[in-house]
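> Going line by line, the protein sequences match chains A and B.
Numbering-wise, my numbering comes out as the position in the first sequence, counting from 1, plus 12.
Numbering-wise, my numbering comes out as the position in the second sequence, counting from 1, plus 14.
In short, the hints are calculated from the structure, not lab data.
Source: prediction; values computed, not measured.
Idealized CB from N, CA, C, for every residue including glycine.
Among the hints, erroneous ones may be present.
[Claimed, not checked] Beta-carbon label-pair distances, calculated as ranges:
no.	chain 1	residue 1	chain 2	residue 2	range
1	B	GLN259	A	TYR75	28 to 38 Å
2	B	HIS263	A	LYS81	29 to 39 Å
3	A	GLU306	B	LEU308	21 to 31 Å
4	A	GLN318	B	HIS263	10 to 20 Å
5	B	HIS263	A	TYR75	31 to 41 Å
6	B	GLN259	A	GLN104	40 to 50 Å
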Amino acid sequence: MSGSGWNTIDSDAGVFSELVERLNVKDVEINDLYSIDSDSLKQLDPVYGVIFLFKYGKIDHQYALDGNKPIEGEYDYDYPIRDMFFANQTVQNSCATQAVLNILLNKDKEIDIGDDLRNFKSFVNGFDGYMVGDTILNSDIIRTIHNSFSPPQSLIDTDKPRRHHNYTNQDDGIFHFVGYIHNNGYIYELDGLKNCPIRHVECQSNEEFYEKLPGVIQKRISHFGNELRFSLLAVTDNKLLRAQRLNQEFEIHTQLMKRETWKYENELRRQDYTGLVMRLLINISKEKNDDEWEKMLVSAREKTIQRVDAGEYNERSHYLDADTSDEYNI
Amino acid sequence: MSTVKSIKFNAGKVQYDDNTHRCTPLAHKGVISIKANPEEPELFDFVWSPKGDVTVAGNVPEKENLLLMPGDVSFKHIKSCQTGRVFALTFFSSGAKYLYWLQDVGDIDQVDQLTQKDINLAKSVNDLISMKYDEEEDDEEEEEQEPDQESKETGEQSSAAADEEPKSEDSIPHFDTVPVGSSRLKNYKTPIGKISDFITLDIIEKHLAGLSQDQIKELYGEYIPSTGGDLMNVIRSAFYQQCTQRLSHSLINDDGAGWLFAQSLKYDFEGEGINYFLKGIRKLGEQEKEEERLGYAATKKREEEDDDDIEDDI
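Bound conformation, chain B alone (with noise of 0.2 Å):
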């Protein structure tokens, strides 16, 4: 399948003042590319480079290359601003952002106003930033098929987005396909922001459904309140609600937590955060899985060899 994709089109610097607050579109006219990195395939190189002759003219911000992970960054339309259109890159990771505006033409009543063509780009942009998971390889045949069509839509847009810019074959755009391989999906993964949305109120249900009320006493007996009631009521409650919070903050705010649960619960530590924690709390039901199977195994041949033993003595 080809990973050949990307974007161009013009758009200027927003700078950020900490200090006071306020949002400065620089002038200058510049042009971003978006294209995929030629030693990683799964990422991609974002350019912001100044157009014009960055030698006579004064002033000119500099070059920004920056180096994108689909499902790390967001690209949206900054609605508050009314002076513009400005759109902002947020890395999920770091939480660093950078802005831009616009500098194709425009509604000129409504100078904030995005144009369709903005649309289909800041759709373009993100669906080529973002991850799809439900399509993967399953839609890899329609994928290699929808670019032609794709890029007689979208192709005149980029050209008169990009205007003067050299084309090459890497810059062919076909932007509502995304590469998604299930390599990309293994490498490069999101952060996950919260225990509770992986094991969600629903998933916990399904699970003690299936289990006996013998069964719950046996696994999360000394959970059960000495007072009666429903283990699940428990669950629903603000206390636990706001243990899994305090979980889920520790191991996000990387202080040493995923390497505490690690230590004391015997997996091999691979670094801080949900992901990795859930990574090695999998490894740990795999072990116990072993265990049973093992113990399972060794208790039915104790069984067989008494057998044995029973009829040998007949």
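The following block holds chain A by itself, in its conformation from the complex (with noise of 0.2 Å):
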């Protein structure tokens, strides 16, 4: 792993909630929205924009080479007129915390975004989205904490190139992070790959957004068509400390318990786990007589074969299935 490049972070409630505390933004989390309704927002309120997690797809693809139109929604070319923050992506896998600053840094009238995102913005001030991005790219401070949430991995070269992607919908691809809030009396997306941020309908308070956010996303959802992969968080306040400040025992043992897990989880995930396969590798074949060691060859074998035969391995295994050219994937 280069000492430059952005790692792959998990699209989860706890990795971000982590990364914008240890950002110093205050009295900030995310939180998992598990149904696209106005009532989930509701509950969740204040909700100061949404993180939209979906599989990177052939119309996204076949948007981006047709002059790099949006989907849903117009582009607003003016944004910066009307104070708006944007960071487009430069780099890959950054999107996550691409998306989760252009929303916390458009909302810094109502949340406090610390020094660092503070100074931050001031310096990127006039800048056109790609330079922002390219200084995001830039900040030893951003990137470090991004990666602190994946652990090292010393042996293994994960700098090889990729092998060329087709976008199509059937495989286990890219997936792209977006953000959406509501800003100067409208609903924005704020996609790092698109040229600016997009305008969706009116909104002029966080009721609307909650009621209106809904009707944006599913819009955007149908185009996908039979993809199902995505999710969606969203930016709060601290519930924690909100619960502390009304005094809500219940609720402040829950938020306790589901910090916890957050904390348990990702110290799991920066954890890199080879020394601990080799240990119980070595000391498992310790144990084992040459006998019962060849059984367990045998064993691992026979279910890979059976993984073979499923087609796990084969990616020409489905072409005799697909009538459709243009759905085979190589």
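If you follow the hints, you should be able to join the two separate chains into one complex; please do so.
See below:
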């Protein structure tokens, strides 16, 4: 892993919450949104913005090639006049952090974004989206915090070039994060791969945001066809602090439990388990005689054969089942 | 034990076009023969050859010579092909796939339906090219007796299938018996695709259950979360699973990970892949065991010497 690279990080509420806390943003956390409806958003009030994670599919690629037009809504090229912040994504794997920053730095009137991000925002004032993106890319503090959520992978070369991606909807491929906020009387979509903020419907208040955002996202989802892999995260206030302020005992307990889980999972996330796999293998080997070891090998081979039979390793295996050649992925 | 096994049947080639992804059955009549390689009896020669006078007929597909390693190939019916009975011969190690269509008369109304004869044939081919691990040497005696009975059932099928082909000793079919010598198991091994298929959760759980809490702490302490919790929960978590996935992926992708492991763990590098990696691990385990035994013996000797000294002092 090169020192200047950006690692992929999990799209997880616990990861993003710790990320914003470590960026010194005050009283903000990220919560899972399990359904796209007004009630779910209202329950989490105040919601400063919503992060939408989806599989970057064929339609996204088609629109990107067609003048990078927005799939829904319209570009607002005058966003700098409206004092809006927008960063383009200029490096792979940074879109999660980019989406969070695009939301937070547009909400600095409502939330205390801390000195680091305030300085960053004033530094990039007047830059275009790509320059802002490059500045994020070169920000040691942001990259270090972003990368701290993945384990060090010293032994495995991840700099190897990836195979060409054809953006079909079938394969497991690239996922992308975009942010939604309301600002200057509209709902905006902040997608680092687009030219600038995309303006959707009129929206004057948080309540209106909760009412109208589900419709905007549903419309976007309707373009996915059969693709159902997406998730939503809400950028909200710190629910533990809120419960403590309101002295809600049960809620305090719930929030503490949630944070315990986040802490536990983030610790696991940072650990490289290669050493553990090795030690387990060596120690188990020491317990087994040659026959037992051979039996384990045979059983593993049989499982592999079952996987091959199920077509897991063979990208060509489904070609005879596909009548349309454009679905074929090699 | 006799290792003479062979199968012969009529089949045509199916051409696959990489660009259009179309499969085109070639009309030319042909015959497939699978028989033990004369030099390496554990391997099989798979030959597709065109029938008839190849010097006269135009556009005759080329003869195909393949070498099959039992356990590395599958022979499967392609059910999605509804205009004939197409089989795919797939090599696990390389992913290469060869397609053939059966040319013996099938069901006239449902051309994609396999006849009982086809089903028997597919089973025979698969039995021949697959490895049977469990039976090994225990079954050797039985196997030697079975062929006669088997050949009675299948001999008819074979002669019908490969109609005018001359019969030789080598082509006497006894499909359901597979010579499974231990040498084959040792020499020709299907690759292992995932480390988690080798040390399964079950195996790890049993290993940990045999250790005391102190031993677990001593052996795996650095992997127990500071927030507490059971090591088994860590191993069940997606984070550990992803790590083994990545590791397996690197090892099977032949990108030098096996060599790096051999260098850092200090075992002799023999090749890339999970099989060789596990071989190295096995050696390390043996080495550690030996060191522990010697260490224990040395300690014991020291203790005895100390005891002798004490006795001498007395």
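> The structure should be examined with respect to each hint, and the outcome stated for every one.
Against the structure, the hints:
| no. | hint | in the structure |
| --- | --- | --- |
| 1 | B/GLN259 / A/TYR75: 28 to 38 Å | 33 Å, holds |
| 2 | B/HIS263 / A/LYS81: 29 to 39 Å | 37 Å, holds |
| 3 | A/GLU306 / B/LEU308: 21 to 31 Å | 26 Å, holds |
| 4 | A/GLN318 / B/HIS263: 10 to 20 Å | 18 Å, holds |
| 5 | B/HIS263 / A/TYR75: 31 to 41 Å | 32 Å, holds |
| 6 | B/GLN259 / A/GLN104: 40 to 50 Å | 20 Å, violated |
When held up to the earlier numbered hints, the structure conflicts with hint 6 and nothing else.
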